[in-house]
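Chains as they are written, first to last, in our numbering: chain A, 258 to 409; chain B, 5 to 791.
Keep in mind that the hints are not guaranteed to be accurate.
Claimed, not checked - Pairwise CB distance ranges (calculated):
no., chain 1, residue 1, chain 2, residue 2, range
1, B, R548, A, G325, 43 to 53 Å
2, A, S299, B, R116, 45 to 55 Å
3, A, E270, B, L285, 27 to 37 Å
4, A, G288, B, K137, 18 to 28 Å
5, B, V663, A, E327, 51 to 61 Å
Unchecked claim - A few chain B positions that, by computed beta-carbon distances, are all more than 12 Å from chain A:
no., residue
6, F29
7, V144
8, A222
9, E436
10, E486
11, G519
12, L682
13, D685
14, Y709
15, R724
16, G746
17, I775
By construction, these hints were calculated from the structure, which means they are not laboratory data.
Since this is a predicted model, take the numbers as computed values, not measurements.
Just so you know, even glycine gets a beta-carbon here, dropped at the ideal spot from N, CA and C.
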Amino acid sequence: MKVSLTVNGRAEEVDVPTNTLLVDILRTNLGLTGTHVGCDTSQCGACTVHVNGGAVKSCTILAPQAEGLEVTTIEGIGTMDQLHPMQEAFRECHALQCGFCTPGMIMQAIDLVENHKDLDNCGIREGLEGNICRCTGYHNIVRAIQSVVDQG
Amino acid sequence: MSETDQTTQAQGIGAPVRRREDLRFITGQGQYTDDMNRADQLYAVFCRSPYARAEILSIDTAEAMAVEGAVGVFTGQQMVDDGVGDLPCGWLVKGKDGSDMKSSPHPPMAARYVNYVGEPYAVVVGTSLAAAKRAAESVVADFKELNAVVDVATAAHSEQIYDGIENNLAYEWALGDEDATRMAFAKAAHVTTIELVNNRLIPNAMEPRACLGCFDAASGEYTLYTTSQNPHLERLVLSAFVQIAPEHKLRVVAPDVGGGFGSKIFVYAEETAVIWAAGKLAQPIKWVAERGESFLADAHGRDHVTRAELAVDDTGRFTGLKVVTTANLGAYLSTFGSAVPTYLYGTLLAGQYKTPNIYVEVQGVYTNTCPVDAYRGAGRPEATYVLERIIEQAARELGKDPADLRRMNMIQPEDFPYATPVALTYDVGNYEASLDKALELIDYNSFESRQAAAAENNKRRGIGFACYIEACGLAPSKLATELGAGVGLYESGEIRINPTGSVSVFTGSHSHGQGHETTFAQVVASQLGIPYEDIEVIHGDTGRMDFGLGTYGSRSLAVGGSALVAAGNKIISKGKKIAAHMMQADEAQIDFKDGNFILQDSNQSVSIQEVAFAAYVPADYPEELEPGLSEKAFYDPKNFTFPAGTHIAEVEVDIDTGVTTLVKFVAVDDFGHIINPLVVDGQVHGGVAQGAGQAMMEHGIYDEYGQLQTGSLMDYCMPRADDLPDFDVDTTVTPCTHNPLGVKGCGEAGAIGSPAAIMNAVTHALGNKDISMPATPEKVWRAIRGE
Ligand code: FES
Ligand code: FES
Chain A
258 MKVSLTVNGR
268 AEEVDVPTNT
278 LLVDILRTNL
288 GLTGTHVGCD
298 TSQCGACTVH
308 VNGGAVKSCT
318 ILAPQAEGLE
328 VTTIEGIGTM
338 DQLHPMQEAF
348 RECHALQCGF
358 CTPGMIMQAI
368 DLVENHKDLD
378 NCGIREGLEG
388 NICRCTGYHN
398 IVRAIQSVVD
408 QG
Chain B
5 MSETDQTTQA
15 QGIGAPVRRR
25 EDLRFITGQG
35 QYTDDMNRAD
45 QLYAVFCRSP
55 YARAEILSID
65 TAEAMAVEGA
75 VGVFTGQQMV
85 DDGVGDLPCG
95 WLVKGKDGSD
105 MKSSPHPPMA
115 ARYVNYVGEP
125 YAVVVGTSLA
135 AAKRAAESVV
145 ADFKELNAVV
155 DVATAAHSEQ
165 IYDGIENNLA
175 YEWALGDEDA
185 TRMAFAKAAH
195 VTTIELVNNR
205 LIPNAMEPRA
215 CLGCFDAASG
225 EYTLYTTSQN
235 PHLERLVLSA
245 FVQIAPEHKL
255 RVVAPDVGGG
265 FGSKIFVYAE
275 ETAVIWAAGK
285 LAQPIKWVAE
295 RGESFLADAH
305 GRDHVTRAEL
315 AVDDTGRFTG
325 LKVVTTANLG
335 AYLSTFGSAV
345 PTYLYGTLLA
355 GQYKTPNIYV
365 EVQGVYTNTC
375 PVDAYRGAGR
385 PEATYVLERI
395 IEQAARELGK
405 DPADLRRMNM
415 IQPEDFPYAT
425 PVALTYDVGN
435 YEASLDKALE
445 LIDYNSFESR
455 QAAAAENNKR
465 RGIGFACYIE
475 ACGLAPSKLA
485 TELGAGVGLY
495 ESGEIRINPT
505 GSVSVFTGSH
515 SHGQGHETTF
525 AQVVASQLGI
535 PYEDIEVIHG
545 DTGRMDFGLG
555 TYGSRSLAVG
565 GSALVAAGNK
575 IISKGKKIAA
585 HMMQADEAQI
595 DFKDGNFILQ
605 DSNQSVSIQE
615 VAFAAYVPAD
625 YPEELEPGLS
635 EKAFYDPKNF
645 TFPAGTHIAE
655 VEVDIDTGVT
665 TLVKFVAVDD
675 FGHIINPLVV
685 DGQVHGGVAQ
695 GAGQAMMEHG
705 IYDEYGQLQT
715 GSLMDYCMPR
725 ADDLPDFDVD
735 TTVTPCTHNP
745 LGVKGCGEAG
755 AIGSPAAIMN
765 AVTHALGNKD
775 ISMPATPEKV
785 WRAIRGE
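Could you build the full structure based on these sequences and the hints that come with them?
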């Protein structure tokens with residue numbers, strides 16, 4: 258089936274089998290390999306992107322549901338020269354090691370900070386419930402997000 | 005100090021440099037194996053055993069080949085018939101009677117028998133992933149199911165799995181003086197006994213294993229991109245043992261790798277079958293594991309049952325330790341599976357203490373479960389768990405403060421070098437310094453007031469200690485090979501100063517999260533006084549560096565970093581010859597400092613960049629000297645390094661629900677000198693989180709038929725952000741005495757100390773009622789109710 262959607266501000270049309278997941282459209286059809294696949298049960302959050310402005314696990318959306326969506330991926334929030342403040346904070350606080358969970362974490366973190374007031378340590382930790390990191394023990398991820406919250 | 009010198013220092017050894025690799029990861033530009041594609045690539049899907057143990061009667065592939073898009077179906081038997089060798093175990097352990105360990109046959113994919121659920125017996129290749137999946141579902145395999153052996157504790161008395169391997173025993177191994185230990189127990193004033201289970205863990209690096217196998221018919225060259233912690237070892241095994249292709253015709257590339265924790269050390273069936281099939285079909289083949297496959301077929305960790313006894317004299321001194329362990333090796337001996345519960349376990353049982361008599365016996369048993377091999381810490385967390393649990397238990401039985409009891413038994417700074425009764429010689433340490441700092445950080449003296457406050461909230465608060473030691477940077481090669489290692493344990497390093505003064509650094513160790521691109525550049529910047537920005541670190545490609553043994557056992561810096569220092573020393577000594585010629589002086593009059601070759605007693609100097617240029621444009625140049633400024637070194641460590649430290653955990657147990665919360669965790673570690681404190685703290689955080697997972701959540705469970713009950717992230721409970729507190733980490737420093745950087749390694753410490761510390765805290769909260777890991781709410785709830 259043909260699916261039209263907007264990804265990182267660009268109109269895209271892809272032709273995929275109906276059982277294709279949004280994450281595969283992004284990775285395979287559009288070559289946006291910054292969004293990762295870490296599981297097969299929608300548990301890990303490595304595939305988190307923004308859909309119509311909110312964080313969503315892109316492995317939970319099938320091709321027919323992707324029609325007309327506005328999607329932002331990790332590639333769409335900042336560049337090496339001009340990082341998004343959340344990207345900057347992750348680097349500053351050493352909030353990543355292998356980097357595999359990182360794009361999903363950053364997308365989730367941006368949503369969290371944008372949509373919640375007065376986030377504290379506990380609130381940040383609860384907000385990351387759906388994203389697994391095996392490397393960092395979350396300590397520095399929480400610190401990075403807190404630093405963005407504190408910057409206001 | 006010049007501005008350049010200052011920046012070099014700000015980014016040299018000891019500086020919290022922000023990692024350079026982060027830029028590509030935070031912008032989604034990382035290149036993991038699954039991010040790579042070839043235009044004409046095919047896709048592989050594996051057919052995996054549904055049974056824990058069965059004979060393969062027949063495999064019918066006709067229907068599968070009829071599926072549209074199916075290109076090839078290859079069975080394990082076909083690989084064997086084609087001359088593909090067994091996957092070898094790299095460490096030959098000898099039993100206590102001197103006999104060699106008994107290895108089961110281990111064809112890359114099952115040929116005649118399947119021996120664990122998830123073991124691949126065929127690979128299906130198709131033009132698309134969907135086609136390959138459909139075809140794989142059409143492979144018809146006929147099995148005769150056999151009785152499975154699953155439980156580690158009873159495996160030795162169960163049905164024999166393999167011909168010629170009686171009692172399912174790979175080996176019965178022992179270390180230490182049995183008679184002396186028996187005597188110590190005969191004279192003991194007090195004996196503490198403990199029975200422990202070290203729960204099976206499933207590693208779960210967030211990037212699933214993957215590979216892309218390519219074959220170029222014109223050159224006869226194979227290239228394997230794969231998620232490996234040690235690409236050279238992968239190439240060596242695939243060449244020398246598995247016979248895929250000679251080493252010069254096989255290139256293995258491990259690009260960005262999304263975590264390993266041991267599970268990506270090993271040579272597995274999947275990449276072996278894929279690279280072999282890529283040769284058969286002369287087309288690139290890609291395979292990416294689904295998480296379910298990771299659960300079934302990534303080598304698992306731990307899985308011990310142990311009985312231990314500690315003899316104590318009437319003053320509280322430890323006089324003897326006896327440990328008997330049964331270790332589950334799984335269905336096959338994985339790459340280092342035999343060494344983990346023996347040389348990486350028994351040798352650590354002295355811990356930080358002067359216990360004079362130690363004896364350990366280990367039975368390594370086969371079961372019809374996924375192979376068990378190194379997982380973060382590998383043997384050392386198991387040893388620490390035994391020792392630190394039994395010491396805490398002894399303190400409770402004797403009514404002594406657990407910190408005091410440990411302190412009075414600790415090896416003292418003046419005792420080093422200290423030879424333990426279990427074959428290691430510790431070079432240096434100051435264990436009380438870490439203990440003291442940890443006690444201060446946790447505010448030990450006011451624990452009781454925190455405990456009282458918790459009680460008012462219907463919670464029981466407990467505190468637990470672990471004073472661990474680990475042996476890192478496995479070494480030296482001569483000793484290791486005498487003990488059965490099939491490879492040396494050195495590392496290689498190369499420093500190429502380019503004509504314009506920029507530097508390419510090559511290391512045989514591999515980063516999959518550890519940050520070598522940053523920290524190794526810091527090491528070279530400090531040693532050679534070259535700006536950090538001018539130094540690039542390259543790793544993970546057998547086509548780009550000579551050789552290497554990769555990254556595991558916290559070895560990268562202690563061994564790989566030392567190799568770079570050795571290469572740097574060669575650069576300096578050659579540079580002195582060139583500089584002497586440039587300044588028309590004698591080589592002996594040249595000193596090297598902060599990037600400059602300085603003529604003694606003069607104001608003359610030339611920079612290393614000027615020397616490099618002269619080396620590549622040797623117009624006016626020492627006659628007998630080769631041009632160029634590029635040096636390689638192999639470094640073979642003289643000894644292990646011995647990081648050590650104290651971890652203290654505080655937990656609160658909810659009396660109504662049995663939920664255990666880790667509320668405070670302090671880690672004070674002695675890693676010797678530190679290159680980048682940011683990176684080191686991160687390694688400790690991650691290790692502690694994995695240890696907390698082991699203590700409170702994670703458990704790989706097979707049912708009695710050998711079916712994996714915890715085969716997805718929905719069933720296997722991994723620590724998430726809200727399961728953990730902020731960690732309080734700090735360090736003490738006694739520099740390693742035998743490597744040039746004075747470093748020890750920090751990758752595993754967190755996972756080594758934390759399970760024991762947390763379980764000591766849990767059992768403390770439970771009024772010394774023992775439960776096994778993980779401390780799930782159900783187990784804790786039952787324990788509270790005296791069940
Ligand atoms: S891949 Fe989407 S949640 Fe794991
Ligand atoms: S940084 Fe490796 S999984 Fe999070």
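Structure-based check of each hint:
1. R548(B) to G325(A): 43 to 53 Å: Because 46 Å falls inside the window, the suggested range holds.
2. S299(A) to R116(B): 45 to 55 Å: The hint (45 to 55 Å, Cβ to Cβ) is violated, given that S299(A) and R116(B) are roughly 38 Å apart.
3. E270(A) to L285(B): 27 to 37 Å: 33 Å Cβ-Cβ, so the 27 to 37 Å window holds.
4. G288(A) to K137(B): 18 to 28 Å: holds, 22 Å
5. V663(B) to E327(A): 51 to 61 Å: violated, 40 Å
6. F29: violated, 3 Å
7. V144: holds, 24 Å
8. A222: The claim stands: A222(B) keeps its Cβ more than 12 Å from every Cβ of chain A (closest is about 28 Å).
9. E436: Answer for E436(B): holds, closest chain A Cβ roughly 27 Å.
10. E486: holds, 35 Å
11. G519: Given a closest Cβ separation of 7 Å, the condition is violated.
12. L682: With a cut-off of 12 Å, L682(B) comes too close to chain A, as the shortest Cβ separation is near 5 Å.
13. D685: Violated, since 8 Å does not exceed 12 Å.
14. Y709: holds, 23 Å
15. R724: violated, 6 Å
16. G746: At roughly 23 Å from the nearest Cβ of chain A, G746(B) sits farther out than 12 Å, so the non-interface label holds.
17. I775: holds, 24 Å
Checked against the numbered hints above, the structure violates hints 2, 5, 6, 11, 12, 13 and 15; every other hint is satisfied.
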